[in-house]
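Trainee: Place chain B on chain A using the hints.
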Amino acid sequence: MELIKLGIDVVFVPSTLLLIFFGTVIGVIFGALPGVSASMAVVLGLTFTYGLDPVTSIAFLVAVYCSAITGGGITAILFKIPGTPSSAPTTFDGHPMAQNGQPMKALSISLIVSSIGGIGAAILMVLITPQLSSAALKFGPSELFAISFMGLSVLTALDEGNVIKTLISGLMGLWLATIGMDPIEGFARFTWGNSTLLSGIEMIPVMIGMFAITEVLKETKDRSKLENIKEAKGIKEKDGIISAKELWQMRGTITRSGLIGTIVGILPGAGATIAAFLSYTTEVKVSKHPERYGKGEARGIAASETANNAATGGSMVPLLSLGIPGGNAAAIMMSALVMKGVQMGPLLLQRQPQYMGAVFISMMITNIVMVFVSFAVAKVFSKILSIPYSVLGTVIVLLACIGSYALSSSTGDVVLMMIAGIFGYFFSKYGFNNPALILGLVLGGMIESNLRRAIMLDAGNLTAVFSKPITAVILIVSFISLIWPVIKIFINKNKASVK
Amino acid sequence: MAQELLFNVGLIIFFIYCFFYVGATAPDPVQGQMDGAQWPQILLVLLAICLAANIYKIIKNGKNGEGFKINLDIKKIVTNKFFKGSVVLLIYSLSLDYLGFISGSILFFMLYSRLLGQKNIIKLILSSVISVVILYVLFNTVLDIMLPRGTGIFRTFALFVESIL
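Read top to bottom, the protein sequences are chains A and B. To get the numbering used here, take the position in the first sequence, counting from 1, and add 311. To get the numbering used here, take the position in the second sequence, counting from 1, and add 883.
The hints are simulated quantities; they were obtained by calculation from the structure and are not laboratory data. Treat the hints loosely; a few may be bogus.
Said to hold, decoys possible - As a list, the in silico DSS-like pairs of lysine-lysine whose alpha-carbon atoms are at most 25 angstroms apart:
{"hint": "1", "chain 1": "A", "residue 1": "740", "chain 2": "B", "residue 2": "964"}
{"hint": "2", "chain 1": "B", "residue 1": "1006", "chain 2": "A", "residue 2": "694"}
{"hint": "3", "chain 1": "A", "residue 1": "532", "chain 2": "A", "residue 2": "606"}
To be verified - Which stretches of chain B does chain A cover? Using the computed rule of at least three CB atoms under 8 angstroms from a CB of chain A, they are:
{"hint": "4", "segment": "899-912"}
{"hint": "5", "segment": "922-933"}
{"hint": "6", "segment": "988-995"}
{"hint": "7", "segment": "1024-1035"}
Unchecked claim - Which chain B residues face chain A? A few, computed with CB under 10 angstroms, are given here:
{"hint": "8", "residue": "917"}
{"hint": "9", "residue": "964"}
{"hint": "10", "residue": "980"}
{"hint": "11", "residue": "984"}
{"hint": "12", "residue": "1001"}
{"hint": "13", "residue": "1004"}
{"hint": "14", "residue": "1042"}
{"hint": "15", "residue": "1045"}
Keep in mind the model is a prediction, meaning the values are calculated, not measured. Positions of the beta carbon are idealized from the N, C-alpha and C atoms, including for glycine.
Here chain A stands alone, though its shape is the one from the complex (with noise of 0.2 angstroms):
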């Protein structure tokens, strides 16, 4: 309660909430382009900083941080481009709903989430900072490998009926992951001599072209007449925001995710990103509905969006109390608000707690504020989908070109989204899952170094390193999970045989 007076001492000036609210509207749209993910928005934020107070810096890059997570939605309903990586997931089901004529509502779900999401997460953040940061710190390699391979639980519920071309399409993207540079033992894995693949296989390229180039090619191809998404899938559903009621209906989905959002946000190394996968994930399987996903499922969205503006929250923990950035974002912010004479770790409660409050205080102002700041973004946004789409897809090619240029100042990775979009066509063709190839690059440098992390520090007992409690379970829970679709086609089998 002391930390929430402090925080609202320092925050509620006029100065500072203008520069929440500036640093808002910045946030959603800097997210919201393609080729800007959160750590570019914080980057860009803090040439901002320079002649701010501590206090006001703050809750300036807080504001943008969380709104550019947010923000990444916008792009991932609209265009099936996600803004940030953190968004993928939510094209699975917000860009169908989008199609089907209700970009609104998609949206609306999406910012509303958020909201809640993050809120939630700012919350939890002051009440277990203390207790959770040092249960995180007993998270070694081995529980993390258990983690990330429960995000890939979700591989064989992505596609029921096509159970083994989902598993080769993840199983694809963890051998994707392993191009590159072997992160233990530095020798060059499948690059055949260039050097340009020594650096790996770039995430967000890849994940633009098979979301973004592959749709705009899938178009290319069925499209003859110039019109616009709506009109050339012939429907005309109601849109609009989505009511109390609806939103009421989805609390399990929202308090699921904000929690899974919340900790895994906590967690070293993890994030946004693996947060969104896996309470997408959980979603799928505890649905009594799992075939809805993918094509237009309202708790599809609010799963996805929910959980990474709760991670933002979560990561907070680590970065404020123990002094450890949970990503790239984060670390950006630490290094700013060191330069500031914040004394992040564990004295920053003692000595500094005005700090921790203004950053509890502006989340939560942040989180409020960015619903109508994105509402105005996103009614501006979602009136592109009426551009015809020889304009729209060709605009949808170039922002997917300037997403992928600017993660490195690279025409590499140009190439290489162009050549992750026809591959990408191919492989849905033929039946194969984009998103489950996504799910598998994302996690698969993360299942990989720290499995072997943990053989190495068992020195090569497998039984140690799959014994350890937490990582027994969470295995345990996974692999049921991941088998489970596989035996119902069977139980289902064998109750059609019997009738």
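Mentor: Chain B only, in chain A's frame:
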């Protein structure tokens, strides 16, 4: 069906090759560690097993239904919109370093927009120039994300446009 079978067979051959390739290029294993080749090899074995199962499924379905006919009509492939679109995308991405973002994107925009059905030349030119300039100003000028300027005459052109903007 035949194309799908070929796609899967191609993948399985490639992954079997990768299995041996990574084994041959990896350093000697160290006691008590999982070496850098083992993890990809585990994945490649699983991939080969799953692909073999998928190929079996395709063959089984083929025998029961459509069969395996390969219709290699070159003219049909080349005139296909997907093929044309892919070629334009690849050429655009490969030429970005030489043409630069402004010139390359205006040309690309006109070609791709035409492919997507826009036949009015005036609209093509206007929409391409306006869209590229808006994106260039937004990313290059406002967000300070340096976009490729190209080489030679294209670089001079990009610098000229930048001086106006």
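Trainee: Would you mind marking each hint as holding or not holding in the structure?
Mentor: Against the structure, the hints:
no.: 1; hint: 740(A) - 964(B); verdict: 15 angstroms, holds
no.: 2; hint: 1006(B) - 694(A); verdict: 20 angstroms, holds
no.: 3; hint: 532(A) - 606(A); verdict: 21 angstroms, holds
no.: 4; hint: 899-912; verdict: holds (count 6)
no.: 5; hint: 922-933; verdict: holds (count 7)
no.: 6; hint: 988-995; verdict: holds (count 4)
no.: 7; hint: 1024-1035; verdict: holds (count 6)
no.: 8; hint: 917; verdict: 5 angstroms, holds
no.: 9; hint: 964; verdict: 5 angstroms, holds
no.: 10; hint: 980; verdict: 5 angstroms, holds
no.: 11; hint: 984; verdict: 8 angstroms, holds
no.: 12; hint: 1001; verdict: 4 angstroms, holds
no.: 13; hint: 1004; verdict: 13 angstroms, violated
no.: 14; hint: 1042; verdict: 17 angstroms, violated
no.: 15; hint: 1045; verdict: 16 angstroms, violated
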